[in-house]
Amino acid sequence: MPYQIIVCGGLAPDPLQTLEPVFDPAKPSLKNELMLPAVFDPWAAHALYEAGHLAKQHPGTVVRVVSLAPKAKLQQVMMTVAQKMPFELVALDGPGGGFTDAAAVSAALAEAISAMADLDRSRLLLFGGWESATRGAGVVMQRVAERLGITEQFLAVDELSVDADGSLVIKERIEGGRHQISRCAAPPAMLAWATGNLPEPPNHPQTGMANMRVIMPALQKAKPVALEPAIEYLRTALPAAVRQTRVVKDVPAADIAREIAEWIRQ
Amino acid sequence: MIEDNNGQPQGQALDADIVCTGFGPAVAGFLWTLTQGLQQPEMAGVESKAVPGLPPQIVCYERADDISFGVSGVVTRARAIRASIPDLDPSAIPLAAKVRDEKLIYLLDPLGATRRPAWMRLADQLCRALSGVLGVEHEGLALPWAPEFLHKRDGFIFSLGQFNQWAGQQVMMTGLAQIWPATPVAGPLIEGEEVRGVRLAADGSEVRAALTVVGDGPVGAVGRQLDEHFGMPAGRRRDEWAVGMKMVIDLPEDSALEEGTVWHTIGFPEPEIFGFLYVHPGRVASAGIFVPSWMDSPVRTSYRYLQHFVQHPYLWRNLRGGRLRSWGAKSLLESGRRGEPYLAGDGYARIGECSGSTNVLTGSGVDEAWLTGAQLGEAVLELLRSGKPFTRENLEAGYVARRRASWLERESQVAERARNGFQWGLLPGFVGMALAGLTGGRLALPRRGEDRKPKKLADYYAGRLSRSQIERARQQAEAEARPLHDILMDLCGWPAVEYDGQLLVSHQDALLMGGKVQAPGEFPDHVVFRNPELCLRCEAHLCVEICSGEAIRVSAENPSGVPAFDREKCVHCGACLWNCPVSNIEFCAAPGGLHSAEN
Amino acid sequence: MEKALVLLHTVNGQLPPAALETLGLAHTLGGGFDLGVIGAGAAAAAQQVSGGAAKCFAVEGEAFAVSRYSTDAAACEAVIRASGAPLILAPDSMRFHRALPGVAERLGAAIDTHVVSVAADGAVERWYYRQRVETTLRRGQRPWILLIEPGSQPAAQPQAGAAPELLDVACETRTNVEGFSTPLAGEQTIRPDAALLFVAGAGWTKKQKDGAAHVDEAAELILDFVRRTQCSLGSSKSLVDLSGEGEAVLPFLTHLHQVGQTGSSPRHKKGLATCCHGEEPHVVGWRFIQERRAVNLDPNCGWVRGKADVVYVADAFEVMRELLKLL
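Just so you know, the protein sequences line up as chains L, F and R, in that order.
Per our numbering, the first sequence starts with residue 1, numbered consecutively.
Per our numbering, the second sequence starts with residue 267, numbered consecutively.
Per our numbering, the third sequence starts with residue 866, numbered consecutively.
Check the hints yourself; a few may be wrong.
To be verified - Derived DEER-like restraints, expressed as beta-carbon distance ranges:
| hint | chain 1 | residue 1 | chain 2 | residue 2 | range |
| --- | --- | --- | --- | --- | --- |
| 1 | L | D250 | R | D1081 | 24 to 32 Å |
| 2 | F | R651 | L | P239 | 56 to 64 Å |
| 3 | F | K369 | L | L198 | 30 to 38 Å |
| 4 | R | G917 | L | P252 | 32 to 40 Å |
Quick caveat, the hints were computed from the structure, so don't treat them as lab data.
All C-beta atoms in this analysis are idealised placements derived from N, C-alpha and C, irrespective of residue type, glycine included.
Work the whole structure out from these sequences, hints included.
See the structure below:
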């Protein structure tokens, strides 16, 4: 059966960038936040690749990405993401970053999804990352799903397969490096993905060109969203602890091994 | 249509109207002009020929993983940029500032380790003897007068990455052009004498377009292949280069440096190496050096020199306690107009640094590059409006003629012979530059018949190091798989760099913490040594010494003895390409490299 | 501090250590607390620790024996409503992390997760940007649900008390929990109970001094070490990615092993990182490792310096070969 897959995902700083918080009780931020190169949130990206994979197995499936971020930055990131696989974009032009309130973000995303004219909830699979690489809270997807009345929710999903009877077999990460296997009879369902098992698809210029024909207009009519501050921040800081690192060099490997073995046994 | 196992179309041709290669200031100027112009009423009826019914399909492919990953130390008068963007507000562009205080500084040698000619040593002595009168402080002399041609006093300091990002975002938000990052172009599609588009490196697919705009910089694959195919115009040569390497530094709290400060330096870490320091807003500075091809050292690792440069007392008093934010390096094509290729042909035009637009006298390239792009943009708008094809004649009449009639051409002519003196030596170099600069190019030193090339190791270090010392150093370098340069500098009295983990860090940390260098998994090595025999016979291995990222090394344990390439360390500066004395290096376009947006 | 509801769930009929840690936190806050327990054997488990609780609730029964959003959300919602406490403290287990954000939405509540400390004045500490920015925050909104990061609090001594009130919760679901799976046997992944975390970096698969890669030996050394020490095995993102891209590198590694930016930041007493130059484990994956050592070829590696207690500048292959002789 063809699905309607909606992938929620924001932007995050390119993982190797040096981050430095700038404190403000109502609106903390990162130093030079707009300057930092951004990527599509890595967890949401895994969800997107899984959505693309599922769409290929179920012809007629439509993948839509709903993203709340500063419009110009989102456009820039889309130039990479759009090369990965075909999808449509619903863009919300608003503040990105981790310090926004998850409830307000959820409300904006849910409203945008509810407003989709052709939304068929009986075929809806709501995808996203299990948490963002910015706020790292892992609450937005559940909140969005609740707002959309989706009661079948899965967190930290690594695998989804569809059985012959149309039921969804889902593997979620649980404690102790294990997976819980559940069977959900039918959509609608929300799956907040961990990493899944798919590698990042290579860039595909033709797909990118085709995607941009629909993504560009979507970006240009991105609805502005203002997020009310709901949190009183008392402090944002880099972890201060700097360790005195003892450097052991020019020592035979056997001696190093002896020291490590002793330390392990302690 | 062939499909891969993901069901995505593979390898089929894409049709566009205009395809650009490389997103730097030149292509930014081109796309800015073009997309602004296309929004004017008189362009309303212009349609795509490739995809009828749509507006012209304009795409740009950039090799780097983001449009903000460019490198340059930019202080620019921004004449062309401001002509395109009259209301340019530097506060809208991160790290941009107006130039407030500009100085040319002569740096004395505080270590006694540089290879100064006698006249320069004498100058140092005079400076020290008359320090009170001359105002020498911290081993530096701010020259009371700098030639007019060097001044950027009415200009801007930019981070090129941030400027590119800002310009790219503005262009893309018009919806009229697409700039694709992480999409290296393997080369042009040449059919007969006509360029019909480009071939992408990832899957070999063709992008066919009526016009190919080549702005892929000094070592870009498309530009080089055009030169190979069409040759260079008579008398034109690309034989002067430099490696530019910079750090972006968080200044210490107590730094006295003010936003808008610009220092140009000469004299240290070697007399041939020019340096710069620019102060951005928010207590951030860029400091860097240029290591030129005419420096006759056969071992010249830019990073070690950069570390000594920032530690020169004149700079260090302001930088000590600072933190490395970013780091990067690039090749500069310093042949200027002498290296100008055919600017236009059937189906293609060349703009920016690869078109020889950099002014080697004023040390300015970004604004010139933008101008060439803007000029091509205007020409293309005219051709689109009139429905004329992108033939050599039409592009020459529209683009090349504009370029010839502009200040770019006039100033390029002044600069054309300005660097000739450096082929004779340092003093003639400075004299020649002054002569050309002050007489508007009417007078200049003649060029030597043969260019100044790196010497043999023994000759370069004659009188300082014995042959046996050099040989032992070479053995040590091979055993430790490290560049020879460091060891030789130590032997010549350069002090070891004491790492502080903040600003003075190992080369590898500069790559990781500063440049944030990455290499995607799916691409093959983009630096290839064509004929291993030639490498085995090579004494200098300049590719190893000059490599900006320690990505090329020779190891005694490598059974073949041929340099090994580690693409995860490569910043795609292309210095190996022009340093190889026997042109034995294949340098292909590939994604990855720097992931810092601040350079 | 205002009154709190300590909301717990059982695992195999017992309260796990993280539950006692959350209970311990409630004791220290001093505002009084209610207790709610859901899951198999919830009533019995609740009574074992309900000493000091003002009110005590439990939801149990077949439907609530498994970890599942719809039933867990319904049970948690019922307990929170029954208690009426403005503050809800719950362990940040996968089960509650799945269920409670949606419950917050139903109740119009605020929720914060991965909380590592709660002060008596309501100031809460958690991390942003993948453990790279420490943040202290406060909210005026109530109810306020706080998911307490396991390992961040000392555990309470269980004190038995009154039997709980059993709440009758009705809920429909379309999901059945069918079982569990573990990754390939013998190739351990992150195990919270292990004393040592061993992190393998991408350097293991790179060309070594002799110009060739020695992946097979690397795999043998690592697995042998993991089996002998019964440690947790973590890996850097780049190494896991290489495996995902189908390259012949350490095939036993999966994303479950990944620590750092897009992996976990596990809590272990000791951590030993090998061949991780320039990779994130030192920064992020190590955040909650108490004693850290690294084997690395570059002593000035900025990611080790100031972040590890000891760095051994040596070839990891050689050190591991020697180490295995001693273990």
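How the hints compare with the structure:
With their beta carbons about 29 Å apart, D250(L) and D1081(R) fall inside the hinted range of 24 to 32 Å. Look at R651(F) against P239(L): about 59 Å separates their beta carbons, and that is inside 56 to 64 Å. For the hinted restraint 30 to 38 Å between K369(F) and L198(L), the CB-CB distance of approximately 56 Å leaves it violated. At about 57 Å, the beta-carbon gap between G917(R) and P252(L) misses the expected band of 32 to 40 Å.
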